[in-house]
Amino acid sequence: MKLTLRVWRQKNADAEGAMSTYEVDGISSDMSFLEMLDTLNEELILKGEDPVAFDHDCREGICGACSLVINGDAHGPERTTTCQLHMRAFKDGDTIDIEPWRAAAFPVVKDLVVDRSAFDRIIQAGGYVTAPTGAAPEAHSTPVPKADADFAFEHAECIGCGACVAACPNGAAMLFTSAKINHLNVLPQGAPERESRVLDMVAQMDEEGFGGCTLTGECATACPKGIPLMSITGMNKEWLRATRKAGKR
Amino acid sequence: MTRTMWDSSVGKKTVMAVSGLIMLLYLAVHMFGNLKIFFGAGDFNHYAHWLRTIGEPFMHYEWTLWVIRVVLVLAVVAHATSAYQLSRRDIKARPSKYVHARPRASYATRTMRWGGIILGLFIVWHILDLTTGTVHSGGFQPGHPYQNVVDTFSTWYGNVIYIVAMLALGLHIQHGFWSAAQTLGVGSRTRDRVLKIIANALAVILTAGFIAVPVGVMTGLVA
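As you go down the protein sequences, you meet chains A and B in turn.
Here our numbering is used: position 140 in the first sequence is 140, and no number is missing along the way.
To convert, count from 1 in the second sequence and add 1000; that's our numbering.
Errors might be hidden in some of the hints.
[Claimed, not checked] Straight-line C-alpha distance at most 30 Å; calculated DSSO-like pairs for lysine-lysine: (1) 110/A to 1092/B; (2) 1092/B to 11/A; (3) 2/A to 91/A; (4) 2/A to 1097/B; (5) 91/A to 47/A; (6) 225/A to 110/A.
[To be verified] Footprint (simulated), chain B over chain A, 3 or more residues, beta carbon under 8 Å: (7) 102 to 108; (8) 198 to 207.
If you're looking for bench data, these hints aren't it; they were derived computationally from the structure.
Ideal Cβ placement from N, Cα and C applies to all residues, glycine included.
Looking at chain A on its own, in the form it has when it is part of the complex:
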């Protein structure tokens, strides 16, 4: 396969960026999207040019490190992570636009790499349980109804890649935040901090400069883990409940 790539190049956080055009040849349709970029980078290094910086880690679709907007879609045309996207999704002679996540809260570090530590601070605000840690507890010591366990699992699938923010026209982190809140708030282990968790995490989300939800549904469409849009409804419900309870105290 021969492809034309238009890639966002930006030297550092303060530099002006622009799209640069590259031609790559000999791309196999079995390559992953990141392997295709590795091929480009090898060529650039041999030519003595600066390789394209992009985030990647496990390349198994479970770590949430890869983060590319491909032809305007976060993680590209298939509902998976960029590392699990294969070149068979493209045709010989295609022109592919590759851009970083775009959001005020995710500043570009270099080229296609953005700083997603805003997500870490949202987690630090309440995305944990204060249960004693140590050896794994006996599985049946805290019974959880099947429906609740399924609900928690569905939301726990979030890998924190930030595709929801990248896809949202408002740069909102509602889907990420709601997935984390719903995951813990439905479980008995998360119950002691049920109210403070949602209030603190939503406050931190606002503080980081993420936008708000206008229910366009772009986030849930882009999410490689299929976190449903209704997750945000659940967070709103939890937030209103916690606000009512805080008002009574």
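Fit chain B to the given chain A structure using the hints.
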């Protein structure tokens, strides 16, 4: 609690949802009342006069009407202020656009902001036209709403402004009603279909019901 509400983006959305639902309830009543115009000048003018005497003798003449007006003004102000502040926040959160742009979301969703501005301007015109009569075409006659309505819809611009605004209203309600349900946390996977059907039905019924009046004047059904 008021502070937490207004300071949070989720809280501001709640304000938008509640104020939007108040206005929606009013619109449903307003649209239904408007249809009296098809029963002739007598019926319509009698209905309009009754609006001023609701609740008598407990409420004095026009008191109920003024209570409704105050509630509506508060709802409009709350809705517009939170929309403005949330929009500012949203635009700031996404300063640079994607080079590879594609249309996002449905038409109704994308037109919420512009549609809202159109509706805001429409409300001002609508009050100046048919409540105060300031910009009314021809001689405005207080107490004769039937004739005033016919006058307005006898001008081409009166029809254009009204019909465009009502189409914007339909789109606004279609996305707004369903969104309000999500904001208030009452949406769920099992209820989603029903909520979307109600949103579409409200949008179509209200738009059609309101547009029926200018169409009635244009076709000579109301004269």
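Do the hints match the structure? See the list:
For the suggested pair residue 110/A and residue 1092/B, the alpha carbons sit about 21 Å apart, so the restraint of at most 30 Å is met. About 23 Å separates the Cα atoms of residue 1092/B and residue 11/A, which keeps this hinted pair within 30 Å; it holds. Between residue 2/A and residue 91/A the CA atoms are separated by roughly 9 Å; this keeps the pair inside 30 Å, and the hint holds. With a C-alpha separation of about 28 Å, the suggested pairing of residue 2/A with residue 1097/B holds against the 30 Å cut-off.
Between residue 91/A and residue 47/A the alpha-carbon distance is near 26 Å, which keeps this suggested pair within the 30 Å criterion. Taking the CA atoms of residue 225/A and residue 110/A, the gap is about 26 Å. The hint holds against a cut of 30 Å. Residues of the stretch 102 to 108 of chain A lying with their CB closer than 8 Å to a CB of chain B number 4, which satisfies the three-residue condition for coverage. By the rule of at least three residues with a Cβ nearer than 8 Å to a Cβ of chain B, the coverage given for the stretch 198 to 207 of chain A holds, with 5 such residues.
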